[in-house]
Structures are given as structure tokens and as C-alpha cells.
Amino acid sequence: MTSKNISGGNNGKSQLKGKDFASDQEVRWCPGCGDYSILKQVQTVFAQLEFNKDEVAIISGIGCSSRFPYYMETYGMHSIHGRAPAVASGLKATNPDLNIWVITGDGDGLSIGGNHLLHALRRNFNINILLFNNQIYGLTKGQYSPTSELNKPTKSTPMGSLDHPINPLAFALGADGTFIARAMDRDPKHLQAMIRRCHEHQGTSFLEIYQNCNIFNDGAFFTFTDKDTKPDTTLFLEHGQPLRFGEGNEKGIRLDGLRPRVVDLKEDGFSPDDLWIHDETDLCKAQILARFFEDPTTAGEDFLPRPFGVFYASEHRPCYEDQLHEQLKVAQGQMGEGDLDQLIAGSQTWEIE
Amino acid sequence: MHKTTEVREEVTIKFAGDSGDGMQLTGSLFTDNTALTGTDLSTFPDFPAEIRAPQGTLPGVSGFQLQFGSRQVFTPGDSYDVLVAMNAAALKVNLNRLEPGGAIIANTDGFDKKNLRLANYDTNANPLEDDSLDGYEVIEIPITKLTRETLKDSPLGSKDKDRCKNMFVLGFLYWRYNRTPESTIAFLKRKFRKKPDIMEANIEVLKAGYHYGENTDTFAHSIKVAPAPMEKGTYRNIMGNQALVIGLITASRKSGLPLFYGSYPITPASDILHGLSRHKNFSVRTFQAEDEIAAICAAIGAAYGGSLAVTGTSGPGLALKGEAAGLAVMLELPLVIIDVQRGGPSTGLPTKTEQSDLLMAYYGRNGECPMPVIASHSPADCFEVAIEAARLATQHMTPVLLLSDGYIANSAEPWRFPRAADIAPIEVNFESPRKSDETEPFMPYRRDERLVRGWAVPGTPGLAHRVGGLEKEANTGNVSYDPANHEYMIKIREAKVEKIAEHIPEQELVCGKEKGDMLLLGWGSTYGVMRSVTRELLAEGYEVGHAHLRYIRPFPRNLQTLMKRYKKILIPEINNGQLSRIIRDRFLIDVYQYNKIQGVPITKSELKDHAKMLLDN
Numbered sequence: 001m002t003s004k005n006i007s008g009g010n011n012g013k014s015q016l017k018g019k020d021f022a023s024d025q026e027v028r029w030c031p032g033c034g035d036y037s038i039l040k041q042v043q044t045v046f047a048q049l050e051f052n053k054d055e056v057a058i059i060s061g062i063g064c065s066s067r068f069p070y071y072m073e074t075y076g077m078h079s080i081h082g083r084a085p086a087v088a089s090g091l092k093a094t095n096p097d098l099n100i101w102v103i104t105g106d107g108d109g110l111s112i113g114g115n116h117l118l119h120a121l122r123r124n125f126n127i128n129i130l131l132f133n134n135q136i137y138g139l140t141k142g143q144y145s146p147t148s149e150l151n152k153p154t155k156s157t158p159m160g161s162l163d164h165p166i167n168p169l170a171f172a173l174g175a176d177g178t179f180i181a182r183a184m185d186r187d188p189k190h191l192q193a194m195i196r197r198c199h200e201h202q203g204t205s206f207l208e209i210y211q212n213c214n215i216f217n218d219g220a221f222f223t224f225t226d227k228d229t230k231p232d233t234t235l236f237l238e239h240g241q242p243l244r245f246g247e248g249n250e251k252g253i254r255l256d257g258l259r260p261r262v263v264d265l266k267e268d269g270f271s272p273d274d275l276w277i278h279d280e281t282d283l284c285k286a287q288i289l290a291r292f293f294e295d296p297t298t299a300g301e302d303f304l305p306r307p308f309g310v311f312y313a314s315e316h317r318p319c320y321e322d323q324l325h326e327q328l329k330v331a332q333g334q335m336g337e338g339d340l341d342q343l344i345a346g347s348q349t350w351e352i353e
Numbered sequence: 001m002h003k004t005t006e007v008r009e010e011v012t013i014k015f016a017g018d019s020g021d022g023m024q025l026t027g028s029l030f031t032d033n034t035a036l037t038g039t040d041l042s043t044f045p046d047f048p049a050e051i052r053a054p055q056g057t058l059p060g061v062s063g064f065q066l067q068f069g070s071r072q073v074f075t076p077g078d079s080y081d082v083l084v085a086m087n088a089a090a091l092k093v094n095l096n097r098l099e100p101g102g103a104i105i106a107n108t109d110g111f112d113k114k115n116l117r118l119a120n121y122d123t124n125a126n127p128l129e130d131d132s133l134d135g136y137e138v139i140e141i142p143i144t145k146l147t148r149e150t151l152k153d154s155p156l157g158s159k160d161k162d163r164c165k166n167m168f169v170l171g172f173l174y175w176r177y178n179r180t181p182e183s184t185i186a187f188l189k190r191k192f193r194k195k196p197d198i199m200e201a202n203i204e205v206l207k208a209g210y211h212y213g214e215n216t217d218t219f220a221h222s223i224k225v226a227p228a229p230m231e232k233g234t235y236r237n238i239m240g241n242q243a244l245v246i247g248l249i250t251a252s253r254k255s256g257l258p259l260f261y262g263s264y265p266i267t268p269a270s271d272i273l274h275g276l277s278r279h280k281n282f283s284v285r286t287f288q289a290e291d292e293i294a295a296i297c298a299a300i301g302a303a304y305g306g307s308l309a310v311t312g313t314s315g316p317g318l319a320l321k322g323e324a325a326g327l328a329v330m331l332e333l334p335l336v337i338i339d340v341q342r343g344g345p346s347t348g349l350p351t352k353t354e355q356s357d358l359l360m361a362y363y364g365r366n367g368e369c370p371m372p373v374i375a376s377h378s379p380a381d382c383f384e385v386a387i388e389a390a391r392l393a394t395q396h397m398t399p400v401l402l403l404s405d406g407y408i409a410n411s412a413e414p415w416r417f418p419r420a421a422d423i424a425p426i427e428v429n430f431e432s433p434r435k436s437d438e439t440e441p442f443m444p445y446r447r448d449e450r451l452v453r454g455w456a457v458p459g460t461p462g463l464a465h466r467v468g469g470l471e472k473e474a475n476t477g478n479v480s481y482d483p484a485n486h487e488y489m490i491k492i493r494e495a496k497v498e499k500i501a502e503h504i505p506e507q508e509l510v511c512g513k514e515k516g517d518m519l520l521l522g523w524g525s526t527y528g529v530m531r532s533v534t535r536e537l538l539a540e541g542y543e544v545g546h547a548h549l550r551y552i553r554p555f556p557r558n559l560q561t562l563m564k565r566y567k568k569i570l571i572p573e574i575n576n577g578q579l580s581r582i583i584r585d586r587f588l589i590d591v592y593q594y595n596k597i598q599g600v601p602i603t604k605s606e607l608k609d610h611a612k613m614l615l616d617n
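Chains as they are written, first to last, in the working numbering: chain A, 1 to 353; chain B, 1 to 617.
The shape of chain A in the complex, shown without the other chains:
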């Protein structure tokens, strides 16, 4: 197995704090940006897990979120637009012991870099991908993104956007990702838990983080994050636990065949045991959960709450870098450590006297 050291370990050094993972660079996101919270939670979890700063590499693409590595006192690369998963793949193949985090956004990861995200997920390198989704292009000042809702009026779509939005988790499941989860910037505790789960997972972990862009798309997720609406619009998944939500957890989800239905425990006379029990290892159910994707502002009666937490986690698939290095070993076992003279000479030679 490649790097996991779940317990972390700083070789007996004094306990690290979140700020030990902050670089000396001034953070330059707009005041009030959701990225600040994500940065803080990442730093906090890295300290809690006692990561060794020298063994962490943070690779990003281009966009607001991709400035992330500059603010972390670890190794880091701010690469080019959309390509961070490819850079991370080459780095992990070279150095499987590194603890690699890819930081991307909805434009970087799902538009220009959609191809690389797809292939990173199916290859299953043991890396972590955090996708900050704010449903807008921030760094280029307010064009619609691939996750923007339909008909969105933006700078580049004054009459409303025509593109049907991508459902990032359905995409990740479609790419056969082995760890799929969602969190939000405004629920720090849950976000921390999800970051920790990403680290624990052996394989590529994909965490979508709802992140508010208070300049160009303020309030995109308020219906999920505001304490007034949050109970009825969100569903927090826990492995082995029934799907419950609503004020006082009075509502739940039942599976009627393949169709999820919202029930009121009291009114409809159900006990928690009658509800859908979340199983992170069930791919079919994860596919259904990923389709809980309606816009709460326009959905009708049978609105399904937006799930947060781990949708799917499976460690059945080996990590790419483990298999790659296994092949090297097998080849050396079969053919011996390469003999350079033999290689240069090839199979047929002749002498000129």
C-alpha cells in the first residue's frame, strides 16, 4: 500500500496547529469568499492528522480555488487550467509516498479539465480531489460555469444560459470514482469530517464542496446553508443510518422500488427502521442519491433534499500507482534488473574486423 499513514505522525514533534500549515503569503481571495472557510478547514484537518508538511503536495489548476497551494506551507504547484489531475497523476506515479491533494473548481475541473477529471477518477490513483463548486466563473469575472443553473443571466449570457448543468457527483460516479462525497463551506465541522474521510480513502477521493462566491454568484447555495431552510433542503448521509431530515428529523426517505419518496415519520406512521438505510458501498443506491439534484426553488411537492456526506466509498479497486509499481517488480522478477549492455546490443549483432 502506498502512503496513507492515517495516524499521520510528525516523528514526535510538538503538536501542529492549523496555522502551521499557512504559508507566509497574504491570502488574496475577496473578503467574504467561501474559500477562506475551506482553507481553514483543510489546515485544521491537516494539523489534526499530524501531516508532515514535507510529504504533502497540493496541485491545482487555474481559477480562484486554484490559488490554494500558495497559501499552504507544503509543497505545491499552481499548474495550468484544468490539468491538475494529470500533473498529480505523474507526481504520484513517481513518488507514491506523497500525500497529494488536487484543488480544482467547477470551471477548472468540469469544463476545461473535464477529461482529466474523468480519467483520474477511473484510474484511481491514491490522491484526493477537492472541487470547489460556486456555479460561476469568478476569476474571469462572472460568466456562467458548467454547473450554473439553466437560464442563468450572466455577463456572457445576458438572455440566460442555455447549457444544461453538470451534476458533478453523477459525473464522478459515471467515471467509476471510488469515493464520492459532498460538503459545503458553511458547515465547517462536516467539511472537516469529509476532508478526513478523503484522506482515509485508498484511491481517488472526490469531494465536491459548495462554495459561495459572494461577488458574482452570492447566495447560490443559501437555501442549503441558511439555518432556516437547511433542515428541509439538506440530507446528511451517515453510513448505516436511516435517511432522515427536516426540523427534528421528522422526515425521511423510503425507497419504493427504485423510486425515492419523502415520508413524514409521524404523519405517515413510519419508524426509522422503515427508511432507506444508507450504505456507502452500494453503487446502485449511490447513483440514485446522486440524482437528488432538483433546484429547491423551483421543485414541486415531491422535492428531494440535497444529500451531503459520503455517497459512495469502495476500496475494491487497487490504486493505480500500486499496480504500476507491481508491474515494475514483476518485470524485474521475470527479466531481471535490466542489463544496459544487452539492451544496447539488441538481439542481433555482427563484428567488423
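Treat each hint with caution, since some may be false.
Claimed, not checked - Each computed DSSO-like pair below joins lysine-lysine, with the alpha-carbon atoms no more than 27 Å apart:
id, chain 1, residue 1, chain 2, residue 2
1, B, Lys195, B, Lys207
2, B, Lys207, A, Lys329
3, B, Lys499, B, Lys254
4, B, Lys491, A, Lys53
5, A, Lys329, B, Lys194
6, A, Lys152, A, Lys141
7, B, Lys145, B, Lys195
8, B, Lys435, A, Lys19
9, B, Lys254, B, Lys232
10, A, Lys17, B, Lys435
11, B, Lys114, B, Lys152
12, A, Lys266, A, Lys285
13, A, Lys329, B, Lys254
14, B, Lys189, B, Lys254
15, B, Lys92, B, Lys435
16, B, Lys564, B, Lys499
17, B, Lys159, B, Lys194
18, A, Lys53, A, Lys189
To be verified - Quick look at which bits of chain A chain B covers, simulated, 3 or more residues with Cβ under 8 Å:
id, stretch
19, 251-260
20, 339-345
In short, the hints are calculated from the structure, not lab data. Ideal Cβ placement from N, Cα and C applies to all residues, glycine included.
Assemble the complex: chain A is given as a structure, and chain B must be docked to it using the hints.
Relative to chain A, chain B alone:
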């Protein structure tokens, strides 16, 4: 009947047939066999872009040309003495370059009415039967029939039987050129060890072809070409892409860095990926990426992690890699980018050769983005150039563009290969770990006297730092938008690449006069033809020299002085004059161009005529 043996100094053979007829294999096997006789040789495969173009048609013709001789051979030959034509289309496409009096070995079974029609011949005017081939020695053999006859007891199906017919030709040629077929029999035994029926069938047909030559009365003599006076030593046959594979692995060993090769399949570079993937016991990590961009980005990640990182492609792929190549320039990480050039623009001529990516290699990135460019000039030279690219990249912390082309990639020549122990090591220095009590912060962009920054690999204690594509502050590497700093960094990246000129050899002549009337200046695969032409011009008393550039950016430091010793400079290129432009731009001197952009190498006679025209006027 008593057979005689005729001795020749040079022979050129063109194998031509349908793209499903196995002409490339036949040509390569004949080449390997030829090499063992000690003659010098040069080959040129020429095949269509379609895997199986419509059978029997003109676009479906695949060819393999081989020149071998008892003196030094630098080109595959302008024209050929022997044309193997497996069908009517092969004859039609290739007859124009057959020497008067040359031999045609024709498979008569490939000249039936259907084949004639597909080849646009009048179906009632079979060229083998009318007088259109008078003036050639036509050797007609019903190859398909004889192959079937030979295999009448074989358990193979008729399709598989027919696929053996190229072995009949090969066997026949072995007899005609006084060879023994052992090398090919050994090859067939290796290749088909798990398919004994196919192995036996191929060997039987090979032998049948050989005996056919021996037994038939048709052919009065066989032909012998004596060994060439080559330097003493041990030789092997080598193709360009193969030499890149071996060179990269050698560079990996000599630098102590694991080799990472990120690539996306593309003609004619794919064989590098295939070759490297077979050598995992040398700790080679090959990564077939999802696209050209991912291929170079993965290589950049590998370089960041301390690998000898390489990405390989051809023209269209290099265009896609442009942005990431710029990132590598900005990051100042070592990376070898191989471009096996083909005909362009766009998809262009995928299976044909061209030298038309030089300007893209030189300039083709956004911003002021200097990158060393080096070029190999022949199949064997690819070995050295691969090692040199790795040396420049790792010692100067820069991406390096290595240019090869389709002709070099697929052609073969004998190679007096070195012993591993005689190849110089590549010294690589990583930044060393820092103790936690050090107060000075680590400076990732501090430079040494060669203006080279350190290589600080993630995982090294105490060196945590950030790199990226944004402009960076000198020394610290922090993001900087300072105007003066930006200009300074642009100048220093340029100066770093220019300074490499102090660490590469001076330009030497391949052959010819140290000064005189004309310098033939070239780069890449025009080497052979330029060398042949120069040799002949010298023999005719002209005052000419031939210089061939390996280093194109930066140029060798003495290039200007060298060029000034000649009255005229002639630059032949398989493009529209790309090196010519760079030379004019760089040195403000005039040069004469000779350009041919037909997807094929420049021939000796056309270049010689052009050079003489310039020399005599």
C-alpha cells in the same frame, strides 16, 4: 544449369505491395539479414496512413526501400535497381523510379483483370504481357499460386496461407543476393513460438522461395555485394524510434533517475511508447495518457517528483502541448519533449516525413518562452541525442525539445554501438534537506553561475515551497506582478538557455573543406543526402563543406565564424525554409535555400544539381 555470381558495389531494392501484403516486415527482415553480411545500408519505409486502404488500389500501396553497398551508404537511394511488385498497383506507383534496365520481380497472380482494373490499367493491356516493360528485366513468378502449392498440406486456412506469400519473395531474394535465410528462420521461430502452424508455414514458404531461385532456369546469376569498409567494432541494426528508447533508458541509468514517459498514441511517435513499455525491468514507467496535454502534464508532475520525465509526440500533439511546455519553462523543471515530425499542417500527412515543426519548436508558445532545441540526424544518432537532451534538461533545469522525424523514426542503419561503461554519467544534483533550525528561508529560484535553479523534490525535509505558472519573484519564487521583476525574469530565463552554448561542443564539419565556395548547412534527416552530395562535389573538385546542426537553440558558439568562411551557404530542408529564417534572423546573413515538401526525403541528384547550379554561377 550452371549459375554465376555477379558482384555489385551498391544495390537498391524497393519492396512494394498492398498494405496488407506485409512489405514492411519483408523489408525489415531483408534489412536485418543484409546487415549481417557487413554491407552498409540505409532504409526508407513509405506506407499509407490507412491501416488497410482498399485492397489492390493505388492508395493502398505500401513500400520499403533499402540501399546497401560495399562502400558507405548514407541514403536509401534516389532510384532502385530492383522493384518487387506484389500487384499491379505496386508496379504502377513505383515504376517511375526504377533504373533503366532494372529488374521487376512481379507476382503474376497480382495482375489479374481485377487487380489491373483497381490499379487503373486497361484490363486488356496487362503490362506484363505487352511491350510496356521492354528495357527492364522482368521476372515473373506466380507467387500466390506457388505459396498455396507449397502449403497444400498445411492445416492453415486459405487466408492464412496467402499471408505467407511475402516469405516466398524474401526467400527468393535471399537466393538472388547470395544470402542464407537463417536470421529470418530464427525470427519466425521467436515470433510464432506459440503458433507452430503459422511458424512452419512461413518457414516452408521462405525455403520454397529460396529453392525456387536455386532450381528455376530463369535466372542466370545471383548477385553479391561485398562488405563495406566500416570501422572495426560490433554492430547492430537500429531504427530511430528504437534508438530513442534505448537512449532514454541509458540516460535514466546514467543519471540515476527513474524514467517516466507520458504519451498519447500518434504516428510516427507511438513506437517510442511501445518500446519503452517493454522495458519495465529498467524501472521505466510508461503512462498512456488520455490526451497529449495530460501526457505532458503527467510528465511535468513526474519531473517535479524527481523523475527523468519525457513526453513524446508528433506535430499536432506538440501544438496541443504548447501551454504545458510553457509551464515547464516557467517552473524551470527538467523535461524532454520529443517531436517525431510528420507532414503538416493539421493532420497533414501522418505517415510521411517533414521538417516543418522547427519554428513551432523554436517559437511556438505564448509569451517569451525560450526552450533549447536539439535535433537528431539519423536513426543511430537518436541514441546520443536522447542522452544529450536528458543531460541538458537535468543539468540546466529546463524543458528540451528533441526533434526527430518520420524518416529517421522508421528507417534503419547499422550502428557501431558503445559499451555502457564508456558512456559518461549524467550528474544530477537535488537540493539537500534542510534542518528545522535553519533561519534563512529556502529560495527555490536562487540560481547558480549557469543561472540554473535547484531541483527541490517534494518529500525533501525542509524544502516545502510553491511553484506555478504565474510570474515569480526572483529568488523566492513567490508570485510577483512587479513590472521590473517580470522583465528581469524574462531576460534571465532567456540568458539561462543562451548560456547552454558554453556547455555544448563547437560546431564541426561532417566533411569537406574548412573554407571555400559553399557550406551546406543542415539539420535533421537531410544528413545522409547532404553528406553524399558533399562527397561527390568534393570529388568533382568543388570547394565545399558540410556542417550539420545538432544544437539549434542555442546554436554552437562558433557557428557564425564557421559560416563566414564560405562564400555561399546552402540550407536544404524538407520544409519551406525554417532553419533559413532562423539563421537569417539570428546572424543577418543571406543563405540559399533548397526546399522540398513532398513528404519524402530529398534525393541526391536533385540536391546536387541545385548545389552545382549555385556553385557554377
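Hint by hint, here is what the structure shows:
1. Lys195/B / Lys207/B: Distance ~19 Å between lysine 195/B and lysine 207/B Cα, so the pair holds.
2. Lys207/B / Lys329/A: Cα-Cα ~42 Å, so violated.
3. Lys499/B / Lys254/B: Answer holds: lysine 499/B to lysine 254/B is near 24 Å, not above 27 Å.
4. Lys491/B / Lys53/A: violated, 33 Å
5. Lys329/A / Lys194/B: OK: lysine 329/A and lysine 194/B at ~25 Å, within 27 Å.
6. Lys152/A / Lys141/A: holds, 15 Å
7. Lys145/B / Lys195/B: With Cα atoms ~23 Å apart, lysine 145/B and lysine 195/B stay inside 27 Å; holds.
8. Lys435/B / Lys19/A: OK: lysine 435/B and lysine 19/A at ~20 Å, within 27 Å.
9. Lys254/B / Lys232/B: holds, 26 Å
10. Lys17/A / Lys435/B: holds, 20 Å
11. Lys114/B / Lys152/B: holds, 25 Å
12. Lys266/A / Lys285/A: holds, 25 Å
13. Lys329/A / Lys254/B: At roughly 21 Å apart (the allowed maximum being 27 Å), lysine 254/B and lysine 329/A satisfy the hint.
14. Lys189/B / Lys254/B: Not satisfied, since the Cα-Cα distance of roughly 35 Å exceeds 27 Å.
15. Lys92/B / Lys435/B: violated, 75 Å
16. Lys564/B / Lys499/B: The hint holds at about 23 Å.
17. Lys159/B / Lys194/B: Since the Cα atoms of lysine 159/B and lysine 194/B sit roughly 19 Å apart, the hinted pair holds (cutoff 27 Å).
18. Lys53/A / Lys189/A: holds, 23 Å
19. 251-260: With 0 residues in contact (Cβ-Cβ under 8 Å with chain B), the coverage given for the stretch 251-260 of chain A is violated.
20. 339-345: holds (count 5)
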